[in-house]
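Novice: Using the sequences and the accompanying hints, generate a full structural model.
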Amino acid sequence: MKKIKEIAIYGKGGIGKSTTTSNISAALSDTGYSVMQVGCDPKSDSTNTLTGGKSIPTVLESLRKRRGNLKVEDVVIEGFNGIYCVEAGGPEPGVGCAGRGIITAVEFLKQEDVYEKYSPDIVLYDVLGDVVCGGFAMPIREGVADQVYTVSSADFMAIYAANNLFKGIKKYSTGGGALFSGIIANSISFAAQKEILKDFADQTKSTIAGFVPRSLTVTQAELSGKTTIESDPESTQADVYRELAKAIYNNKEEYVPSPLESDELKNWAGSWSDKLLELKKKDEGEFKI
Amino acid sequence: MKENNGEKCGCKEKSDFGIDLSKKTCPTREQRANGINLFFGKASELLENAKAGNLKCSDRKFQQSGGCLLNFYLAVRVATIRDAAIIFNGPVGCSSTALGFNEYFRLIPPELGRPSDYELHWLTTNLSEDDVVFGAKDKLTKAIIEAEERYSPKAIFILTTCVTGIIGEDIEGTVSEIQKDINATIVPIHCEGVRSRIIQTGYDAFWHAVLKYLVKEPEKRQDDLVNIASMLSYTWQDRLEVQRLLGELGLRVNFIPEFSTVDQLEQLAEAAVTAPICPTFTDYLSKGLYQEFDVPYFMYPNPVGIKNTDNWLRQIGKFTGKEEEVEELIFKEHKKWIPKLKSLKKEFKKLNKVSNDGDKLNLLGSLGQGRLITQLPYFDELGVKASSAMAQDFDELLLDELEEVIENVGDFDIMVNTFQSGEQIHITNKTNPDIALTCPLQGGAWKLNSSVARLHAVRGDPTIQSAQIGYSGSIAYGNFLLQALKNTSYQRIMIEKTGIAYQDWYLNQPDPLYFAEKGVEKGKEKGK
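As they're listed, the protein sequences go chains A and B.
Going letter by letter, the first sequence gives residues 344 to 632 in this note's numbering.
Going letter by letter, the second sequence gives residues 78 to 605 in this note's numbering.
One or more of the hints may lead you astray.
To be verified - Quick list of the computed label-pair ranges, beta carbon to beta carbon:
(1) A:ASP417 with B:LEU176: 38 to 44 Å
(2) A:ASP417 with B:ASP247: 46 to 52 Å
(3) B:ASP247 with A:LYS453: 56 to 62 Å
(4) B:ASP340 with A:LYS453: 41 to 47 Å
(5) B:ASP215 with A:LYS345: 42 to 48 Å
(6) A:ASP542 with B:GLU249: 46 to 52 Å
(7) A:GLY437 with B:SER173: 37 to 43 Å
(8) A:LYS386 with B:ASP194: 49 to 55 Å
(9) B:GLU249 with A:ASP417: 33 to 39 Å
(10) B:GLN299 with A:GLY437: 41 to 47 Å
(11) B:ASP581 with A:SER462: 58 to 64 Å
(12) A:SER614 with B:LYS128: 45 to 51 Å
None of these hints come from the bench; they were simulated from the model.
As the structure is a prediction and not an experimental result, all values here were calculated from the model.
Where is the CB? At the ideal position from N, CA and C, for every residue including glycine.
Specialist: Here it is as structure tokens:
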């Protein structure tokens with residue numbers, strides 16, 4: 344049986360996880376790999392741009408209707424270029440327990456030997472948030488993902504989320520959990536943002552897997568229900584995603600990062616406030632509002 | 078109808094109670110009264126620490142067993158409320174103790190007053206994986222409708238569980254939506270097991286819900302009605318004795334919660350007084366009724382022992398205008414019971430010579446804190462001493478009373494301990510009492526060369542020799558203790574047939590709380 348590469352991609356809400364993950368999936372699939380993408384977010388829209396903007400039946404909703412009689416074919420839907428799309432699903436906002444939902448859905452996929460049946464070369468988990476509870480840590484526990492990435496912009500809130508993820512990885516690393524493989528720096532539009540993320544990587548003894556610039560092409564593709572790879576394959580942005588996908592597929596780096604303690608993180612962020620103004624001035628000239 | 082009974086009551090300031098019925102539930106015992114379930118030392122030391130606000134609930138590194146807010150008999154008891162239904166809002170296992178009803182109460186013959194029309198109205202939402210993930214509002218709504226249709230109850234109690242607590246079910250939201258379509262009053266009780274280490278929090282949560290949803294504004298004051306909320310460890314005979322004594326005074330007892338009706342709960346605010354049988358079990362109700370409806374209450378004494386029973390009756394007499402009748406009753410009862418107490422005392426005195434320390438019979442009592450403060454003076458009446466005691470938990474609710482007990486009977490060792498039989502055997506070995514008294518809910522196989530007996534029976538025991546309350550109960554329990562001292566065959570066989578369950582290294586520790594993070598901040602750590 345071939346070794347399936349399982350990767351979990353985390354990051355703060357709205358930071359571009361699903362966009363990035365779907366583009367990586369599309370790029371890898373284009374190169375000839377068999378890919379499965381598993382959305383782990385109650386919003387269930389991780390794979391939307393792979394399915395022409397349509398929603399697919401979620402594992403949890405389907406389990407709820409047909410427990411014991413649910414076939415994996417009902418929840419593994421082929422999207423763009425034959426990519427296997429799965430959405431874990433979850434409760435409506437404000438009720439139930441989304442974390443338990445992720446556990447239930449991932450356990451179902453494992454119990455049903457979904458990966459063996461479909462035999463993808465790579466599985467990408469697109470996971471909500473910053474590991475707020477045991478459920479959201481499920482993909483990084485033993486026996487699920489091998490490598491973890493986090494999508495982060497240079498926004499400090501996104502970096503805090505990345506730091507929390509590092510804490511989660513550190514916790515599970517002793518029990519055979521997933522190891523970290525790099526930060527995917529997203530929405531980069533000026534040099535200072537690169538500096539901030541590089542510095543954070545240095546502070547936490549982690550690495551940067553790639554930089555993805557902010558681009559209108561991505562937004563346009565999203566609005567038409569497609570990935571950039573599908574809608575604008577000739578664009579520079581598509582090249583960026585292809586390069587990132589290749590880097591991730593070949594990345595052998597796996598390690599335990601060193602998360603900053605809460606006070607350290609605050610001090611570190613504080614140290615950037617003056618530097619940031621300076622760098623931004625250098626980059627763009629004086630602020631104009 | 079508001080009258081100020083405060084002066085007559087000697088009740089504490091209402092602002093000190095920590096009861097706020099606009100909230101959905103009570104504070105935990107830890108929050109309200111610095112409750113702990115772990116301490117070993119002198120009673121005076123515990124008192125001092127409690128007064129200084131140094132009690133702190135902490136954990137054990139090794140715990141043998143424990144209780145759950147829902148399932149430490151709260152469920153069994155709420156389920157007996159006659160014209161109500163009970164819904165366990167959780168996975169099916171959380172409701173299993175409802176069946177304990179059968180175990181606890183079936184031995185009471187209807188001839189002794191167990192209501193023969195009682196039937197168990199028990200439902201569970203039987204929560205499953207889907208409900209945890211997606212929320213369980215619909216199931217609760219359906220269960221409420223089902224309870225209404227099946228049983229037409231006057232009240233529907235909803236007992237919450239850890240699962241609904243963890244996923245944050247909005248029980249009150251569901252209730253307020255559906256209440257208008259349901260005739261029964263819906264009463265949610267927040268007894269999620271993970272809420273508190275102190276199982277009394279579950280009872281406080283029950284009383285909070287009763288006060289919030291069921292107790293009605295009084296239409297009139299019923300001057301002959303006495304509220305008595307009793308805990309499970311008083312037997313059916315005790316109930317009859319209370320009824321007998323108050324009946325002699327022309328008073329009626331409003332016994333709650335076992336086998337009460339919803340009407341009885343609704344009319345709690347009309348009573349003349351709320352009298353304690355276990356003050357810390359019922360203080361939330363007593364104080365709540367006083368705070369909201371000016372129903373006076375008292376905390377001490379409980380009717381255990383002759384003197385305590387006298388004073389308990391006198392307190393009730395004060396609030397019901399029966400002072401003279403009480404004195405007459407006491408006089409009459411003493412004529413009958415004091416000679417029996419004297420002969421008991423003589424018997425105990427004979428045994429003093431053969432006691433372990435050759436001086437005076439020594440009991441090791443395993444008591445609730447409420448029982449502790451009333452039972453020690455009773456042992457004193459019998460002429461035996463209790464140089465050590467165990468309490469299930471301890472908090473700041475009875476400090477004046479504990480201080481008084483220490484003054485009257487002297488200082489003693491106290492271990493606060495909820496169901497840790499290892500720790501209890503440790504202190505039992507060390508104390509080497511003439512008789513070790515254990516809670517029947519507590520289990521544990523004691524092996525002593527002397528004797529062992531149960532400290533109390535539970536409500537479902539209807540036999541006369543198990544009584545403990547009032548005059549007849551004080552004599553009955555004295556006789557029971559005497560028998561246990563004379564007949565040691567149980568202990569002899571235990572020692573012959575079985576070994577001790579704990580290893581020497583533990584039993585040799587100077588501190589029985591070897592596994593504990595200490596219950597109070599002490600200057601130096603004992604043991605280790």
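Novice: Compare the structure with each hint and give your call.
Specialist: Quick rundown of the hints versus the structure:
The hinted window of 38 to 44 Å between A:ASP417 and B:LEU176 holds, with their beta carbons roughly 40 Å apart. For the pair A:ASP417 and B:ASP247, the supplied restraint of 46 to 52 Å is violated, since their beta-carbon distance comes to about 32 Å. About 32 Å separates the C-beta atoms of B:ASP247 and A:LYS453, a value inconsistent with the hinted range of 56 to 62 Å. Distance hint for B:ASP340 and A:LYS453: a CB-CB separation of about 55 Å, inconsistent with the stated range 41 to 47 Å.
In this structure, B:ASP215 and A:LYS345 meet the distance hint of 42 to 48 Å, their C-beta atoms being roughly 45 Å apart. Judged by the Cβ atoms, the range 46 to 52 Å given for A:ASP542 and B:GLU249 holds: they are separated by roughly 48 Å. Checked against the hint of 37 to 43 Å, the C-beta distance between A:GLY437 and B:SER173 comes to roughly 31 Å, which is inconsistent with it. Our hint of 49 to 55 Å for A:LYS386 and B:ASP194 holds, since their Cβ atoms are close to 54 Å apart.
Taking the beta carbon of each, B:GLU249 and A:ASP417 are about 37 Å apart, inside 33 to 39 Å as hinted. The given range of 41 to 47 Å is respected by B:GLN299 and A:GLY437, whose C-beta atoms sit roughly 46 Å from each other. Checking the proposed 58 to 64 Å range against B:ASP581 and A:SER462 shows it holds: the Cβ atoms sit about 60 Å from each other. A C-beta distance of roughly 49 Å is found between A:SER614 and B:LYS128, which places it inside the suggested range of 45 to 51 Å.
Of the numbered hints stated above, those contradicted by the structure are hints 2, 3, 4, 7, listed in ascending order.
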